[in-house]
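Taking the hints into account, I'd like the entire structure generated from these sequences.
Protein chains: 6
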Amino acid sequence: MSDQINEFRAYRSKMNERILSADNLVIKRLFNLDTNTYAEGALPTRTKEMLGLVSSMVLRCDDCVKYHLEKCHEQGISTPEVLEVFAVANIVGGTIVIPHTRRAMEYWDELQKNT
Amino acid sequence: MSDQINEFRAYRSKMNERILSADNLVIKRLFNLDTNTYAEGALPTRTKEMLGLVSSMVLRCDDCVKYHLEKCHEQGISTPEVLEVFAVANIVGGTIVIPHTRRAMEYWDELQKNT
Amino acid sequence: MSDQINEFRAYRSKMNERILSADNLVIKRLFNLDTNTYAEGALPTRTKEMLGLVSSMVLRCDDCVKYHLEKCHEQGISTPEVLEVFAVANIVGGTIVIPHTRRAMEYWDELQKNT
Amino acid sequence: MSDQINEFRAYRSKMNERILSADNLVIKRLFNLDTNTYAEGALPTRTKEMLGLVSSMVLRCDDCVKYHLEKCHEQGISTPEVLEVFAVANIVGGTIVIPHTRRAMEYWDELQKNT
Amino acid sequence: MSDQINEFRAYRSKMNERILSADNLVIKRLFNLDTNTYAEGALPTRTKEMLGLVSSMVLRCDDCVKYHLEKCHEQGISTPEVLEVFAVANIVGGTIVIPHTRRAMEYWDELQKNT
Amino acid sequence: MSDQINEFRAYRSKMNERILSADNLVIKRLFNLDTNTYAEGALPTRTKEMLGLVSSMVLRCDDCVKYHLEKCHEQGISTPEVLEVFAVANIVGGTIVIPHTRRAMEYWDELQKNT
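Residue numbers (this note's numbering), protein chains in the order written: chain A, 12 to 126; chain B, 12 to 126; chain C, 12 to 126; chain D, 12 to 126; chain E, 12 to 126; chain F, 12 to 126.
Treat the hints as calculated values from the structure; they're not laboratory data.
Idealized CB from N, CA, C, for every residue including glycine.
Keep in mind that the hints are not guaranteed to be accurate.
Claimed, not checked - Some residues of chain D that are not near chain C, with every Cβ distance over 10 angstroms (derived):
| id | residue |
| --- | --- |
| 1 | 18 |
| 2 | 23 |
| 3 | 33 |
| 4 | 35 |
| 5 | 66 |
| 6 | 82 |
| 7 | 91 |
| 8 | 118 |
| 9 | 121 |
| 10 | 124 |
What the hints assert, rightly or not - Among chain F residues calculated to face chain D with C-beta under 7 angstroms, some are:
| id | residue |
| --- | --- |
| 11 | 45 |
| 12 | 50 |
| 13 | 52 |
| 14 | 53 |
| 15 | 62 |
| 16 | 65 |
| 17 | 66 |
| 18 | 70 |
| 19 | 91 |
| 20 | 92 |
| 21 | 99 |
Next up, the structure:
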């Protein structure tokens with residue numbers, strides 16, 4: 012597993028646990044609801060994870076992008092498909108999305124190597 | 012056809028024509044590229060239009076939302092599916108997306124009535 | 012009651028009902044959670060409503076601003092206090108917040124007249 | 012003078028006066044500073060107004076766009092120049108800037124007619 | 012004092028000094044005005060710092076969040092109170108605020124250790 | 012050449028090549044169009060690069076800011092001129108632009124040393 016992937020996962024787990032331990036009911040429910048959002052429904056999880064990815068890209072949140080790239084990878088989404096999600100994000104969100112696309116591409120490549 | 016739908020389409024067409032008549036090459040190519048982005052590819056147009064819709068919602072652009080709702084409607088996307096796109100947008104983008112969801116729901120309902 | 016206040020409330024109620032009738036579980040829970048967020052807790056509702064107002068202003072969501080102005084009004088927040096919330100929003104968010112401040116000021120004045 | 016131009020100016024003046032009458036020192040100073048920002052300096056006002064315009068477009072603030080279009084018009088900026096500002100805004104900010112470009116184009120055309 | 016706190020403060024001071032040394036009048040006045048914004052007024056500094064914190068979170072500016080966390084810490088705001096500010100930010104701004112909440116929580120914990 | 016400048020350029024080149032190698036037509040054309048946007052036209056490249064810089068600042072994209080600072084440096088823009096671009100960005104975009112201004116100032120100073 013690459014360093015970048017491990018570091019992202021470890022920090023994310025550690026701090027999510029810390030936040031949840033603080034016992035704020037609204038935050039706990041939001042974290043819960045976040046998980047439910049991507050469950051199978053009228054749309055398959057596979058499609059919803061791409062929706063989460065493109066939203067994270069246009070809002071330019073690198074950590075959210077990494078998280079949804081992991082989920083897209085788990086869902087068996089192919090590299091040409093991921094590139095088309097990147098394309099929508101770059102057209103809708105403009106060239107300010109490009110630096111985030113560079114980091115997303117790098118993270119995606121690392122996920123591919125670590126299957 | 013409802014007034015809201017007609018007005019949106021008429022203003023959009025009129026002003027797009029006006030902008031293109033100004034003959035700025037970069038803008039003309041961007042408009043062109045925008046159309047290509049949603050063409051069938053590794054992902055079907057149907058999925059891409061939902062990607063366009065969710066991006067427009069989290070970026071809170073009502074006119075972009077209307078445009079992609081029309082395209083989703085043409086692609087035969089169902090109301091429960093559209094609601095799940097709305098759900099992703101509201102969770103990722105927060106409660107500031109709610110007012111845009113109200114206007115999106117209204118526009119979607121008008122599109123359904125006008126099939 | 013002023014027309015602007017009535018129209019905002021009527022449209023908001025009508026469309027919230029419509030959205031909730033669509034029975035998407037994630038959206039229903041988010042609407043619920045939204046209400047809980049501003050309940051008395053470690054911080055009083057009064058403070059939380061100002062937090063909601065300033066967040067809505069820097070994110071430039073006019074309908075969210077109106078909603079929180081109503082809540083601030085119910086909480087007995089004074090005009091000089093509201094102006095200080097506006098000031099924080101304008102300094103943090105910049106002059107692009109000014110047009111939203113104009114509409115917020117107008118709505119606040121209407122709320123005062125309708126006590 | 013077109014209705015759209017008159018309405019924008021009248022509402023802007025009326026509400027700016029109302030806000031300033033509330034006598035919040037931070038807001039008053041920010042309004043003042045805003046005016047100073049575009050004064051002749053190392054860069055001419057002409058350039059600074061285009062900087063204000065492009066910033067307003069990528070941040071998608073229609074009223075800010077109108078304001079800077081008026082200033083650009085006063086500075087004798089030509090239509091092909093304004094279109095190139097629009098082009099930068101659309102490329103940097105993406106297709107979500109297009110609906111704002113439609114309204115900007117319309118306002119610019121009205122300003123031209125009213126010279 | 013933790014490394015993270017020291018580094019943040021040192022870089023912030025060094026670069027603020029450098030920027031102010033460049034003697035741009037608008038920037039100098041804005042820095043000044045920024046300080047005035049949080050002074051005691053109709054609202055206490057304590058409340059205003061929470062307004063600054065929540066605004067920084069929904070706008071997803073990590074450095075601004077750190078700065079206001081320091082000020083909230085100085086104002087004696089408790090951990091449950093800070094968590095309620097985080098809750099408002101996450102509900103209003105959505106799950107894209109979560110990664111910023113992780114970093115905010117970590118910084119807050121370090122501030123607590125260094126009292 | 013400073014480490015920061017070298018690292019930025021190396022990573023940017025490497026990942027742009029990687030993205031282009033993936034052969035997504037929309038992304039390739041957008042990259043191309045991005046270059047054309049800043050070509051001499053009704054407005055000189057010099058002005059357009061300042062438009063790109065101010066847009067990147069208000070949208071708070073550090074990598075985009077670095078890129079346009081390099082281009083502004085190549086165009087012979089002076090430090091007082093760059094500071095006035097920073098001033099417009101800070102007034103329009105608010106104090107959340109300040110942390111990005113700190114990093115921009117540092118990068119600009121490094122570019123000056125490396126002429």
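Numbered hints the structure breaks, given as an ascending list = Structure breaks hints 2, 3, 4, 5, 12.
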